[in-house]
Amino acid sequence: MTLDTVAVAQTTPENAQPFAELGLKPDEYARIKEILGRRPTSSELAMYSVMWSEHCSYKSSKVHLKQFGEKAPKSDALLVGIGENAGVVDVGQGYAVTFKIESHNHPSFVEPYQGAATGVGGIVRDILTMGARPIAVMDPLRFGPADAPDTRRVLPGIVAGVGGYGNCLGLPNIGGEVTFDETYIGNPLVNALCVGVMKHSDIKLAKAAGAGNLVVLYGAKTGGDGIGGVSVLASETFGAGGSTKRPSVQVGDPFVEKVLIECSLEIFAEDLVVGIQDLGGAGLSCATSELASGGSGGMKVALDKVPLRDPSLSPEEILMSESQERMCAIVEPNKIERFLEICKKWDVTVTVIGEVTDGDRLEITWNGEVIVNVPPRTVAHEGPVYNRPLAQPAYIDQVNSQKVNVPMPTTAAEIKAAVLKLAGAPNLADKSWVTAQYDKYVQGNTIQAQPDDSGMVRLDETTHLGVAISTDANANWSYLNPYQGAKLALAEAARNIATAGARPLAVTNCLNFGSPEDPGVMWQFAESVRGLADGCLEMGLPVTGGNVSFYNQTGSVAILPTPVIGVLGVIQDVRKRTPMSFKVAGLELFLLGDTEEDLAGSEWAFLHGVRVGQSPDADLAREMRLIELLLEGNAFFAAAHDLSQGGLSAGLTEMVLRHNIGATVSLANPAIDLLSETPGRVIVAIDASKTSALEALATKYNIAISKLGTTGGESLTINESVIPLTQLRATHTSTFPRLFG
Amino acid sequence: MRVGVITFPGTLDDRDAARAVVAGGAEAVSLWHADADLKNVDAVILPGGFSYGDYLRCGAISRFAPVMNLVIEAAGKGMPVLGICNGFQVLCESHLLPGALTRNSDLHFLCKDQEIEIVNNTTAWTSSYKPGEKIVIPLKNGEGSFQCDDETLAKLEDEGRVIARYVGQNPNGSRNLIAGITNERGNVVGLMPHPEHAIDELTGPTAQGLGFFTSILNAMVK
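Protein chains in written order, with my numbering: chain A, 77 to 817; chain B, 15 to 236.
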């Protein structure tokens, strides 16, 4: 095959090019020709196709996502906002924390282990790229029905992949979610969050400034894996037939990444880089064009210098390869010697592949011949933007107008059966089968992990400063009302942090939706973004970054709208956190917040196959008062636990089983009290002597309070229903082993 | 008293081990796998992790790191050596300890709070415990099932060289519930669970792992 150089492209304008196979639309291809004033070379076409993919360019979501900037609340905490590899927030004492969630949904369906593993690897490199030491990961996961044969294929592989990669990197896994719904059967969601810490002065950005500075590629050699991962895999709907697209999934090597992390941190510590970018989606195409765009625009790269695992790769394939564990740095010439020395110490392959130039063109050569000559901004940032049609889908009015009609327990035996049914339901059952495959202890700073309300890690052993993170989504509510659903997920994540005594500070998100080409899905997306942006403004929490995953649908069936919201908070002294459960008998249990008849979107309704009605309205002003109450009450709470999916029934189950201390509770209206999922509620346990202090707080913050009962005994007793802890535990813990071995 | 903590490429629990050494009252000294001297340390810890990515077999490549020649030599002269998890695997590959660690019987990585019984408190690393003392420390590994031939097992048992056993259900299929063993001299100890992750109740399930790190101080003072 002859090399398609710029010179060749200029003389062969009519050559047919496979733009459609690469995922580009005819008008997009026309625009590339317009930008370049000629047809693109095959290498340029490769670059544009991956960078203008939905996954990289956010072309369908951009017009909506800008609300996060427009509605951004004033925040002194935000050091680096949306647009960089990850947002950075100030957490005090000179520390900055960076955190972000990304999706790796499509690859994980095709190849569960590697898809999930490289999902973790990718987000960890994003955090590293900011200059931070990664300190923890979390993984919100969603699957098809728990008993579906394909879930048995996908779930064990994904869990093993998340664990296999994260464990080998030495990153504690401090939380996540495991949720099942039939809409995820062909589209499991693998969202991975990473958090990292650094000093303010160590923040690194993706920019290639300073003519003469060197472009350095280091880490793993480039192979043929993951070619077209962002365009072919992540930006299309899976058809019923067709190829499995397995070659588009990347293959990870966590050992190489671990070494890359330590090597990079040593390089950062000696201040040897001007700019840095990891190679993730769209590989070198992304790294070179984004780095060049971040500077003056000029860069020259000799692509033939890229070290290859497979010497037969063509220039186009090298540009599109998503081989893992690679980084691209901009280094001043007088620092390159030391840079190479550190790479040698860690046995990391390193190659100078180019330099920053004065101009504003990204020029890539292959054995001396120019194969790419483009304005890098047009590749990285000035891709197509679509204002896609959106329309409220017909189902909304239909489901909203219906009442939830499910059997409600009345007798003592029925109440006991309902509590046990929820305790063993796959969405609420004990997740130890999953979390026992993750190392939560490594690094020695984990304060909280699953099944706590949030994950919490210590940042400083001397001052005891820490951060807490929770990720939440309630796709049932988002289905009924995407605007409220996003707000409710935000509130829940913030509450999950505040129960431990951490103050919410910043937000990240991973927005998982069906095809943007479906106006109904696009409406769900637009409403979710509007809800999240409004919610963040009201709660004063800046969005620091996020990720959009579209095309999560099989044929015409889209997944439930699933905006996963991550909230990060700060706790000044991790030793003083409020635990999620009680360790002694004789404490008083109170419920904070009113309970309404909120069965729409509840787990109880889900278990009866009902997804109708109206989601609750998020009352964020009340949520904020509740958060302040929790932060103040932290001084004397023995335990605090958020109520969400499964309501009071699930909340009590989780608390009594945590330390095997039972509780006796009396409820006026047990069916609704137990099964309703009214948002903004928390169970707190206190010593009886603190009752008046708690009541005073409830009055001060205008939060409803009601006495539930007391802790102690060997059963969970609700009115006349006595549920022995042994029976409750057996039900709660047997579901996953029964389903997954 | 100086306790060396070796970092191989892919080692993960080195900083945790160093923290535990300090909590135990000694000075922690970082050793790099390529180091040509042991920096005058009085004892050495091989921490957990995935050295060399567990390529080939767990510990099989680390065994050939330059620093291991020095460790093998020093161990022969009686220097206390503790291998935790991957460190235990390296000690087996180095033939400082007999047997091998194989894949957990359920084939999953397993992270849990594990009760173990200290059955030999005469080694350099276990003297702070009472014989028969039960402690809870994290177990976290994918290849933690201790295996050896019948003859070796009989020898380990007869000579009292099993230093710790799992209590309750066998978590990984280890023969005779073995969680840790020592060499004939009692200076080299391999342990699958992680005492360095149980030095305070804030970050670990208990503080009961600290005894391994105070033991070494006692051993030196004697």
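Please note: incorrect hints may appear among the correct ones.
What the hints assert, rightly or not - Cβ pair distances, simulated, as ranges:
1. B:A114 - A:V327: 24 to 30 Å
2. B:G174 - A:V798: 55 to 61 Å
3. A:G789 - B:V36: 41 to 47 Å
4. A:G789 - B:G39: 49 to 55 Å
5. A:V798 - B:E173: 22 to 28 Å
6. A:D226 - B:E147: 46 to 52 Å
7. B:G39 - A:A711: 43 to 49 Å
8. A:K109 - B:S44: 44 to 50 Å
Derived by calculation from the structure, the hints in this document are not laboratory data. Glycine is no exception: its CB is placed at the ideal position from the N, C-alpha and C atoms.
So which hints don't hold here, by number, going up?
Violated hints: 2, 4, 5, 7 and 8; rest satisfied.
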